[in-house]
Structures are given as C-alpha cells and as structure tokens.
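Here the protein sequences line up with chains A and B, keeping their order. Each residue of the first sequence is one higher than the one before, counting from 1338 in the working numbering. Each residue of the second sequence is one higher than the one before, counting from 1338 in the working numbering.
Treat identical chains as interchangeable: a pair holds within one or across any two.
Once the Cα atoms are required to be at most 27 Å apart in a straight line, the calculated DSS-like pairs of lysine-lysine come out as: (1) Lys1446 to Lys1377; (2) Lys1382 to Lys1446; (3) Lys1500 to Lys1451; (4) Lys1477 to Lys1352; (5) Lys1477 to Lys1487; (6) Lys1372 to Lys1382.
Note that these hints are calculated values from the structure, not bench results.
The primary structure of each chain is shown beneath.
Protein chains: 2
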Amino acid sequence: MRIRFDEQLELLNRKLIEMGALCEDAISASMHTLKNETDKQSAEKAAALEREIDHKEREIESLCMKLLLQQQPVARDLRTISSALKMISDLERIGDQASDIAGITGYIKDEQLKSGTHIYEMARAASRMVTDSVDSFVRKDLGKARAVQKEDDIVDGLFDTVKNELVGQITEHPDLSGECLDLLMIAKYLERIGDHAVNVAEWVEYSITGAHAGE
Amino acid sequence: MRIRFDEQLELLNRKLIEMGALCEDAISASMHTLKNETDKQSAEKAAALEREIDHKEREIESLCMKLLLQQQPVARDLRTISSALKMISDLERIGDQASDIAGITGYIKDEQLKSGTHIYEMARAASRMVTDSVDSFVRKDLGKARAVQKEDDIVDGLFDTVKNELVGQITEHPDLSGECLDLLMIAKYLERIGDHAVNVAEWVEYSITGAHAGE
Chain A
1338 MRIRFDEQLE LLNRKLIEMG ALCEDAISAS MHTLKNETDK QSAEKAAALE REIDHKEREI
1398 ESLCMKLLLQ QQPVARDLRT ISSALKMISD LERIGDQASD IAGITGYIKD EQLKSGTHIY
1458 EMARAASRMV TDSVDSFVRK DLGKARAVQK EDDIVDGLFD TVKNELVGQI TEHPDLSGEC
1518 LDLLMIAKYL ERIGDHAVNV AEWVEYSITG AHAGE
Chain B
1338 MRIRFDEQLE LLNRKLIEMG ALCEDAISAS MHTLKNETDK QSAEKAAALE REIDHKEREI
1398 ESLCMKLLLQ QQPVARDLRT ISSALKMISD LERIGDQASD IAGITGYIKD EQLKSGTHIY
1458 EMARAASRMV TDSVDSFVRK DLGKARAVQK EDDIVDGLFD TVKNELVGQI TEHPDLSGEC
1518 LDLLMIAKYL ERIGDHAVNV AEWVEYSITG AHAGE
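All chains should be modelled from the sequences, with the hints used to inform the complete structure.
Here is the structure:
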C-alpha cells in the first residue's frame, strides 16, 4: 500500500514539474511576442500553452483528490497534497497572465516606446521568479523558496519605475497614449506573475515546514 | 455518522456564505474610497476585510480537508467540497483586488476625471456579479450561476470603454496622465473581480451538475 502511495506521490511530483515547465514556456512565448509584435506563431503558442496548462491543472487536481480519498494521508503527505492543490491554482494563473500578455503585445508597435521603459528587465525578473519557485519545489529547497519572496520586491519596484516612465512618455507623445496604457497592462500582468510565483514559493515553504510564510 | 457529516456540510455552507458576504463588504468599502478619495476609514475597512477574508479562507480549507480525510465522501458531496476549495481561492482574490483598489483610489483626486468615464458603472456591474455568484451558490440556482457568466461580457465591454475614455482624457489633459493610469488599474481590478465571480459561478455549476462549464 505504502509503495503504491509513494509511486502516486512521485507521479504528482512529476506532473507538477511538467506544469511548471509549461508555465515557463508560456512566459517565454509571451516575451517573444513582446519583443516582436508581428510574431503570430509565438502568440498562438502562448494560447495553446494556456490550454495545456489548464488541462494539466485538472489532471493534477484529480490525482490529488484520488490520493486524499483513497489513501487518507497524514501530516507531511497531507501537506504535500494540499500544497499541490493550491500551487496549481497559482501556476494556472501564471499561464493566464502570459496568454493575456501575448493577447495585447500586437497592439504595441512602437519599439522605442518599449525600449524607453524597463519593461524587458521587468519581464526577465518575473520570469526568473517563476523558474526559481518551480525549482525550489523540485529541489525542496527552502532557501530558494524564501529567496523568491525577496525577488518580488525587485519586480514591484520595476512596476513603479515602468509606470513613471510611461507617464513621461505620454506627456511627450500623447498620440501614443493607447499603446502606453497597453504597456502598463503588460507591466501589471508581469507584476501579478511575480505575485503568483511568491505564492508558489510560499506553498513550497509550507509543504516543507508545515508553517505558512509570514505567520 | 451521516448526520454528523451533514452538519459539517451545513457548516461549510454557512462559512462560504460568510466569506461571500465579506467579499461584498470589501468591494463596497473600496467603492466608497473611489467615490471619496479622502475616506481613510473605508480604506482601512477594505484592508481589515482582506485580512478577515484570508482568515476565513484558511478556516474553510481546514474544514474541507477534515471532511475529505475523515469522511471519505463520494460523488456529489465530494464535488461540493472540491468546489468549495476552488471557490475560496477566487473569493480570496476578490478580497485582494478590492483592497488593491482601495490602495490606489487615494491618488485620484480629480472628480471630473472619474465621472468623465464609465468607472462607477463598471464598479456597480462587477459588484453585482459577485453578489449574484454568491447568491447562486446560496440558492443552488443554476440559472443564476449561468447568468453571471453572461454579465461578464458587460464588465469586459465597460473595461474597453473606460480604457478608450482614458486615452481621450490623457490627450486633453496630459498633466493627469498619472491619475489616468491609476484609474486604468482600478478598471483592470474590477474586470478581474468579474472574472473571479465567473469562476465562482462556474464552481457552483460544477457542484450542481458535475460538469465543468464550457466543456
């Protein structure tokens, strides 16, 4: 019975890693569309990945329910399963945000507008947070999970920077207001991606220590 | 055993209704801060409600885990519990968004700017969606749950309207760009609140029919 249970937990682990990898791919595809707004292939890829991520969420959810019902796990295993259930909600939202970004980038055609802000730097920082949060889960690395929570301050700071830069751009080029608003939305999505990566890292911390971060 | 289980399910129901009511209060408080940007009391109320909502989420989560582990529910009861687990994630985000709105409103001092857009109408529509989604849960009303999914088109439409209005405002008053960007963020939060209300309604539908909406 225990061997079967361990196998199922191992399967859960693998599926979570797969879901994390899909999220990284989704962000990467959305970043391609940001750099090259005519890149239809990457936009389609981001949308396809979102669907794949949704599907993976359902799969993991079913597996968790099965584990909860058939095995009645206790203590640490229960924490692993309940963390997994929460973590997939956050990963799913990351997929949504990446797809939302890819849905807007086509409207921003002014390369100077983009490179005149810290948007690319912000994208790299948010993407790194996702990689690190998934990595902290794979390696059960508490130090790395906690580091993700600190990286978020950088992304939040960059959001404010980009926002101020956009106010400047609008004042100089009022005709680009629409594109500036779109770019602000993208910055907001990136900030949210950072928030979800923090949540993932907090669930990793909970599954290892049994304590919710910040409590 | 069954009586005890039914009592626990009834308790779960009550707690979910309470959490829904807290979310409605949080939106209402954030709307007060939008109408009157010097309303510090409402801003504090929105922040306090967010904490209360987070706390309620944890409480419901524990109750669901207990029900899953001790009772090994089947079919419909299992659906009720797993829907509850998903629903509380969405309600919690609604609380976050309301608190995020209350955190920005203080920066928008220009009443004409606000009333020159459809932001209040959008706020009413999003708030109504939350009320209706919680209501559809309380009454197990499939028709109402499905109606919420349609209301979302109105909120999405209003987002585009507000965005275009803001582009117009920026062109006329470039000195108000910063406030316009803040107002756009608020519109985005309202749109997200609508999305989460749709999710809640979809979980209501799933708990009644056993089928995920749109599948």
